[in-house]
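Student: So you can see what is in the structure, the chains are spelled out below.
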Amino acid sequence: VKRPKIVTFLSDFGWDGGYVGACEGVIASINPSARIAHISHDIGVGDVAGGALILARVCKLYPPAAHLAVVDPGVGTARQPIVITTERTDVLIGPDNGLLLAAAESLGGMSGAWLIDPRQMRAKGGLAQAAISSTFHGRDIFAPAAALISQGLEPEICGRALEPSSLVRLEPPHWRVHTDGANADVIEIDRFGNVGLALPFDEFLPRPEILAVEIDGEGEGSPEWTARVVNTYGELRPGELGLLRDSWGQVALALNGASAAELLSVRRGMSVRVARRGDRA
Amino acid sequence: VKRPKIVTFLSDFGWDGGYVGACEGVIASINPSARIAHISHDIGVGDVAGGALILARVCKLYPPAAHLAVVDPGVGTARQPIVITTERTDVLIGPDNGLLLAAAESLGGMSGAWLIDPRQMRAKGGLAQAAISSTFHGRDIFAPAAALISQGLEPEICGRALEPSSLVRLEPPHWRVHTDGANADVIEIDRFGNVGLALPFDEFLPRPEILAVEIDGEGEGSPEWTARVVNTYGELRPGELGLLRDSWGQVALALNGASAAELLSVRRGMSVRVARRGDRA
Amino acid sequence: VKRPKIVTFLSDFGWDGGYVGACEGVIASINPSARIAHISHDIGVGDVAGGALILARVCKLYPPAAHLAVVDPGVGTARQPIVITTERTDVLIGPDNGLLLAAAESLGGMSGAWLIDPRQMRAKGGLAQAAISSTFHGRDIFAPAAALISQGLEPEICGRALEPSSLVRLEPPHWRVHTDGANADVIEIDRFGNVGLALPFDEFLPRPEILAVEIDGEGEGSPEWTARVVNTYGELRPGELGLLRDSWGQVALALNGASAAELLSVRRGMSVRVARRGDRA
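Protein chains in written order, with my numbering: chain A, 6 to 286; chain B, 6 to 286; chain C, 6 to 286.
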């Protein structure tokens with residue numbers, strides 16, 4: 006299988022500590038012709054589910070690539086460093102904490118998985134042995150693996166094969182459509198304040214066009230909002246809450262030029278109920 | 006006309022939601038050899054004028070390139086997706102909301118403009134048809150256009166020609182020099198807290214060197230500041246306000262190692278009056 | 006000496022004002038095949054020591070490169086623009102304010118230093134003369150120098166040789182190990198809230214494994230914390246303070262999934278005392 010030269014890179018490192026540059030330097034020193042495309046380094050600190058979502062959405066827009074992803078609160082513990090290959094001939098490199106699996110699915114599903122044994126990988130990859138820190142596997146394990154893969158080496162060099170079903174999986178976000186509406190977890194709040202729900206728009210098909218929105222778990226006296234179904238932000242009046250199919254095909258709540266997340270006081274992981282006006286689930 | 010392989014990219018997407026990576030992935034999948042240079046993705050949310058200023062200043066420092074710019078609060082409404090060519094053989098791609106025009110002027114002026122018809126563009130560019138979202142034209146329209154342009158395809162493939170004079174223009178920021186000073190809008194506040202004014206330094210030529218600075222619209226009792234004309238930050242004493250020619254040739258107010266914007270409590274769009282000490286306009 | 010094509014770039018510019026793109030545009034216009042790797046542009050505003058630390062840690066992970074670094078509160082004053090070559094055949098370009106010296110040491114030490122004379126550099130580099138601003142030498146002096154170096158031109162073209170010992174040096178951060186513990190400056194607080202100390206772990210070798218941590222200069226009544234020596238974050242219970250060898254070989258204080266810097270209320274430059282529990286230095 007021919008591997009491409011693009012290495013995408015997603016992490017929760019931020020740019021301020023030099024961690025991103027450290028990984029990029031390691032990759033460049035192993036494969037000077039690797040092209041590195043930064044997907045995001047502003048994933049919330051330790052937010053594995055948030056990173057998994059962004060990675061799954063974005064990775065499939067690239068041509069087949071080596072996808073390096075490091076959101077790794079368990080670094081240095083028993084959690085394993087892994088490499089996954091996909092039906093689309095991508096390779097995913099990162100920790101076995103669920104970060105990579107949604108991406109693998111969005112790339113056609115896993116075709117194989119390997120445990121990274123750093124000593125073996127460096128030996129078979131032609132690299133001198135080096136110390137492995139307990140706190141920065143991005144630089145010491147994952148970046149070298151991505152660099153070797155981007156050179157065309159087979160994932161088998163990294164270590165022994167793993168049973169794909171043995172990999173750590175995240176609890177999928179919850180959503181349920183019922184006769185008069187739906188409940189769904191908030192899976193994303195973006196820079197624009199849009200509130201992304203774990204609810205496929207095509208499963209929901211909101212009718213009628215005026216809906217009641219309630220934030221769950223706030224008790225009896227919790228405020229209830231009214232949302233209008235629209236196609237885009239610009240159709241909304243100032244302050245009017247909209248419900249739309251977002252660009253990933255999910256239901257999202259939005260304002261025009263302001264933050265719906267702030268208006269509704271919601272955070273990732275909260276649950277939202279959407280119902281026909283007057284009908285309560 | 007030979008088109009270059011660099012695609013510059015400016016937006017208000019931020020890096021956290023994966024929007025930048027989504028566009029970069031689309032470009033890479035169409036033109037794997039395109040080189041993407043990120044100008045900024047931290048333009049204020051929906052701040053078309055702010056994005057237009059940065060783009061106009063920076064684009065001309067690159068060799069002729071495809072400049073992709075997306076600050077697009079009207080995405081999915083009647084506002085049009087456009088491509089503009091310039092006398093310097095650059096191509097600008099983005100929404101018809103005024104974002105691109107100052108850049109076109111800084112690149113020698115427009116030599117042509119086209120409406121992007123996504124179906125036609127994909128057909129003539131050899132791409133399979135694909136769904137177009139209502140909320141993310143960066144990924145679905147503008148990035149594919151930039152990728153095709155970066156491959157050397159002519160802008161004509163995107164759609165029908167537009168009359169350049171028909172494009173949406175932003176109200177230019179206000180400035181006026183009078184005999185004893187000047188009034189000007191604040192057009193930029195940078196990370197250092199420098200306050201950039203819409204006032205060309207060479208038109209202002211501040212004499213004498215001690216000036217009164219007043220923030221407009223604050224009424225009679227508004228504080229008045231004294232600024233000294235200097236060449237650079239390091240000439241200023243701690244806490245002393247300076248007025249200088251900034252690196253774009255405009256008048257700016259600055260402190261040494263601190264934020265002039267904070268001291269003066271100014272924001273973009275406010276108006277500032279600069280006058281000879283004692284002489285009030 | 007053959008010079009590589011990678012230009013690394015570190016600054017305190019942030020991404021919002023277009024300063025990064027301006028420098029990248031200048032480099033691309035002089036050497037279109039230069040590959041630019043952004044180490045960080047989120048160095049604290051004017052924080053020369055912070056930038057020097059990150060640069061020194063990261064630059065040596067790259068293959069030999071042109072390292073452009075601009076944290077330059079003295080821009081336009083008497084401080085000099087310089088180029089430094091290293092034993093490892095890297096070239097460092099930036100202001101003579103101490104920013105580059107730790108990096109040069111981490112790259113094997115200086116092999117030469119030159120003052121940049123912008124007029125001479127542009128003439129010998131085949132560039133048309135251009136105005137030099139007083140406030141943005143990143144764009145006007147350092148980026149052109151990095152671009153010419155990345156083309157393979159010798160640093161000698163930039164200007165006259167300097168005596169390496171004459172360059173401005175930063176005061177190194179303070180650390181001292183004594184019989185019952187150590188004192189050390191806080192040199193880094195990263196996005197995860199880890200508190201990095203100027204204390205090589207191998208010089209400290211903490212025994213026993215429970216330590217008292219005290220923040221200096223807080224007086225008699227200052228709180229004292231207990232830290233446990235661990236290998237990685239995941240070994241810590243919620244709220245438990247850990248002391249570990251960080252990935253750069255230094256002593257760091259950390260929490261598991263939370264900010265140790267916030268818990269301890271420390272900032273860069275403060276001093277920390279670590280002692281055996283019960284034993285006070």
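Don't take each hint at face value.
One copy or any two copies: either way a pair holds, since identical chains are not told apart in the list.
Computed list of lysine to any residue pairs in SDA-like fashion (alpha-carbon distance at most 25 Å, straight line) [what the hints assert, rightly or not]:
| hint | residue 1 | residue 2 |
| --- | --- | --- |
| 1 | Lys10 | His43 |
| 2 | Lys10 | Ser34 |
| 3 | Lys10 | Pro68 |
| 4 | Lys10 | Gln156 |
| 5 | Lys129 | Leu175 |
| 6 | Lys129 | Gly244 |
| 7 | Lys10 | Gly198 |
| 8 | Lys129 | His179 |
| 9 | Lys10 | Gly114 |
| 10 | Lys10 | Gly131 |
No wet-lab data here; the hints were simulated from the structure. Bear in mind the structure is a predicted one, so any value in this text is a computation, not a measurement.
Student: When Cα atoms must be at most 25 Å apart, do Lys129 and Gly244 count as within-copy, between-copy, both, or neither?
Tutor: So Lys129 and Gly244 fail the 25 Å test inside a copy (60 Å) and across (41 Å) alike.
Student: With 25 Å as the alpha-carbon cut-off, assign the pair Lys10 and Pro68 to within, between, both or neither.
Tutor: So Lys10 and Pro68 pass the 25 Å test inside a copy (10 Å) and across (18 Å) alike.
Student: How would you classify Lys10 and Gly114 at a CA-CA limit of 25 Å: within, between, both, or neither?
Tutor: This pair counts as within: shortest intra-copy Cα distance 21 Å, inter-copy 33 Å.
Student: Under a CA distance limit of 25 Å, which applies to Lys10 and Gln156: within one copy, between copies, both, or neither?
Tutor: both (7 Å within a copy, 19 Å between copies)
Student: Pop the pair Lys10 and Gly131 into one bin, within, between, both or neither, using alpha-carbon distances up to 25 Å.
Tutor: Both: 18 Å inside a chain and 23 Å across chains, each within 25 Å.
Student: Given identical chains, is Lys129 near Leu175, meaning Cα to Cα at most 25 Å, within a copy, between copies, both, or neither?
Tutor: Neither way: Lys129 and Leu175 sit 32 Å apart in one copy and 43 Å across, limit 25 Å.
Student: Could you place Lys129 and His179 in one of the four classes (within, between, both, neither) given a Cα distance threshold of 25 Å?
Tutor: Intra 43 Å, inter 42 Å, cutoff 25 Å: neither.
Student: Pop the pair Lys10 and His43 into one bin, within, between, both or neither, using alpha-carbon distances up to 25 Å.
Tutor: Answer is both; intra-copy 14 Å and inter-copy 19 Å each pass.
Student: At 25 Å max between alpha carbons, let me know whether Lys10 reaches Gly198 within a copy, between copies, both or neither.
Tutor: neither (35 Å within a copy, 34 Å between copies)
Student: Within, between, both or neither: how does the pair Lys10, Ser34 come out at a Cα-Cα threshold of 25 Å?
Tutor: Answer is both; intra-copy 14 Å and inter-copy 12 Å each pass.
The earlier numbered hints that this structure contradicts are 5, 6, 7, 8.
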